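With these hints in hand, go ahead and build the complete structure from the sequences.
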Amino acid sequence: MANLRDIQKRINSVQSTRQITRTMEMVAAAKIRKVTERVQQITPYATTVVESCVRLAQEDLTRVHPLLERHAEEKNALIIVVVSDKGLAGSFNSSVLKATEHLAAELKEQGISSEYVACGKKAMQYFKFRNIQPVAEYKDLSAFPSLEQALEISLTCYHNYSERKLDRVYIIYNHARNAADQDLISLPILPISADSIKLKVPFDEGIEEEITPARSDYDYEPDAYEVLNTLLPMYLRVQIFHALVDSAAAEQGARRKAMKAATDNASEMVETLTRIFNRARQGAITTEITEIVGGAAALED
Amino acid sequence: MDSVMKCEIVSMEHRLFTGEATFVSVPALPGAMGFYPKHSPVIAPLGSGIIKIVNGNEAEPILFAVRGGYVENDGARVTILADYAENMADLTVEGLKQKIAGIEEKLAAINDGYTSRIRLTTQDLEWNKRLLSMVESQ
Chain C
44 MANLRDIQKR INSVQSTRQI TRTMEMVAAA KIRKVTERVQ QITPYATTVV
94 ESCVRLAQED LTRVHPLLER HAEEKNALII VVVSDKGLAG SFNSSVLKAT
144 EHLAAELKEQ GISSEYVACG KKAMQYFKFR NIQPVAEYKD LSAFPSLEQA
194 LEISLTCYHN YSERKLDRVY IIYNHARNAA DQDLISLPIL PISADSIKLK
244 VPFDEGIEEE ITPARSDYDY EPDAYEVLNT LLPMYLRVQI FHALVDSAAA
294 EQGARRKAMK AATDNASEMV ETLTRIFNRA RQGAITTEIT EIVGGAAALE
344 D
Chain L
17 MDSVMKCEIV SMEHRLFTGE ATFVSVPALP GAMGFYPKHS PVIAPLGSGI
67 IKIVNGNEAE PILFAVRGGY VENDGARVTI LADYAENMAD LTVEGLKQKI
117 AGIEEKLAAI NDGYTSRIRL TTQDLEWNKR LLSMVESQ
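For the record, the sequence lines run as chains C and L.
The numbering used here runs 43 ahead of the 1-based position in the first sequence.
The numbering used here runs 16 ahead of the 1-based position in the second sequence.
No lab work stands behind these hints: they were computed from the structure.
Remember, it's a predicted structure, so these values are computed and weren't measured experimentally.
Please note: incorrect hints may appear among the correct ones.
As the list claims (entries may be wrong) - To list a few chain L residues with every Cβ distance to chain C over 10 Å, as calculated:
| id | residue |
| --- | --- |
| 1 | K22 |
| 2 | E29 |
| 3 | G50 |
| 4 | V58 |
| 5 | L62 |
| 6 | S64 |
| 7 | I66 |
| 8 | E88 |
| 9 | G118 |
| 10 | L141 |
| 11 | V151 |
To be verified - Here are the simulated DSS-like cross-link-like pairs (lysine-lysine), alpha carbons at most 25 Å apart as the crow flies:
| id | chain 1 | residue 1 | chain 2 | residue 2 |
| --- | --- | --- | --- | --- |
| 12 | C | K118 | C | K182 |
| 13 | C | K171 | C | K182 |
| 14 | C | K182 | L | K115 |
| 15 | C | K182 | L | K122 |
| 16 | C | K118 | C | K129 |
| 17 | C | K129 | C | K164 |
| 18 | C | K74 | C | K182 |
| 19 | L | K68 | L | K54 |
| 20 | C | K164 | L | K54 |
Ideal Cβ positions, reconstructed from N, Cα and C, are used throughout, including at glycine.
Right, dumping it as structure tokens:
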């Protein structure tokens, strides 16, 4: 049986670990509130853009916009991988990376090769380990994604897609269903298909907000195509920025959940260890008494 | 009594303006457009320039500098979704000069391969220079 001092040492160590995980849980919980505010800030813009897009999609257009066009020959895909800069968030990062691998394999079967945009240090490490050079990398931004980052990614997608260097674009990220649960989303964002224009709103249980435009008797200046030409890149930007912010929200949720589980496990372990400690101490005392009694009895004889 | 309409300017990260207006003019891509209340519903993409919001009761119109985006007007409400927008009252020569210096520094630090970043930063630089000349000429 382990001696008393060893057990005491372990109890202390587990207790200090518990202290850390509990603090991290509380920090994540506080950050969730901040991220939620951010989501709320961009929501009016996002919903208006989506609304207008849906309305426009009902119009008859004379020409097909390059972003709506499905390329006849599909060879190159771009996968935007959105994960965290930090670990300690349960399966937050690994589930996205696993899905990425899965998607790339699936595309390969169709004869499509994949390139990657890595958002978050964990994705960078993942690709580095596999000797893959992503076309763009972003770090230190997962907790607070910048607008520039979204603009850059969407501009790259837009140009390469219009110039037919890319035939498909996907984004893989965690969607914050609510403060505790995340859903893995693997979404094709280009080509935009007219009937899939919608928005996933974080912290909304009904995942997809049904956006129904009130009226469609709008005039388009100079014409519907030109308006679409402005709106679709905006939609793309919104889609990407929204995913980044959504992922940031999901990250805090995932971390809080993971740290809560760690804290609970630590508490359980302290309890078990304390019980073992007490039993060992009781055992030691009993042995001591037996020895004294035995010694006294020996003397009497 | 003038009839009024609602006016809203939203950028990706902020809501810049919400209020009432009796007249709004915007730099639409096909040319400047002006809206009075009960205008027929219209959607138009924006170029870059100045948005002017006039509210009958206030003497001074409110000016916003805007670049890209679109305007949606349904007769009772003018919604402007801007790529970039700034309240002209918030802009100063000093602040803009500082910003331009910052952007130039950023532009110099970009390594090759990030064409999109270079393109965006260059656009940003040109835009801020234009803002500066607008503010200076006021």
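We went through each hint and held it up to the structure:
Against the 10 Å criterion, L:K22 stays outside the reach of chain C, whose nearest CB is about 13 Å from its own CB. Non-interface status of L:E29 relative to chain C is broken: a Cβ of that chain comes within 10 Å, the nearest being about 6 Å off. For L:G50, the non-interface assignment is confirmed: its Cβ lies about 12 Å from the closest Cβ of chain C, beyond the 10 Å cut-off. Against the 10 Å criterion, L:V58 falls within the reach of chain C, whose nearest CB is about 4 Å from its own CB.
Against chain C, the non-interface label of L:L62 is violated: not every CB pair exceeds 10 Å, the least being about 8 Å. Residue-level check passed: L:S64 sits 13 Å from the nearest beta carbon of chain C, beyond 10 Å. Listed as a non-interface residue, L:I66 keeps its Cβ farther than 10 Å from every Cβ of chain C; the least gap is roughly 18 Å. With a least CB separation of 6 Å from chain C, L:E88 falls inside the 10 Å interface cut-off, contrary to its annotation.
Every Cβ of chain C is farther than 10 Å from the Cβ of L:G118; the closest lies at roughly 13 Å, confirming the non-interface assignment. In this structure L:L141 is separated from chain C by more than 10 Å, as the shortest Cβ-Cβ distance comes to about 13 Å. Every C-beta of chain C lies more than 10 Å from that of L:V151, the closest at about 23 Å, which supports listing it as non-interface. This hinted pair does not check out: C:K118 and C:K182 have alpha carbons roughly 28 Å apart, beyond 25 Å.
A threshold of 25 Å between alpha carbons decides the hint, and for C:K171 with C:K182 the separation of about 14 Å falls inside it, so the pair holds. For a cut-off of 25 Å, the pair hint linking C:K182 to L:K115 stands: about 24 Å separates their Cα positions. For the hint linking C:K182 to L:K122, the alpha-carbon distance of about 17 Å falls within 25 Å, and the restraint holds. Restraint check for C:K118 and C:K129: not satisfied, since their Cα atoms lie roughly 33 Å apart, outside the 25 Å limit.
Simply put, C:K129 and C:K164 have alpha-carbon atoms about 7 Å apart, close enough for the 25 Å limit, and the pair holds. Only pairs whose Cα atoms come within 25 Å are accepted, and C:K74 paired with C:K182 is accepted, the gap being roughly 19 Å. With a C-alpha separation of about 18 Å, the suggested pair L:K68 and L:K54 falls inside the 25 Å cut-off, and the hint holds. Only pairs whose Cα atoms come within 25 Å are accepted, and C:K164 paired with L:K54 is rejected, the gap being roughly 52 Å.
Hint violations for this structure: numbers 2, 4, 5, 8, 12, 16 and 20, all remaining hints satisfied.
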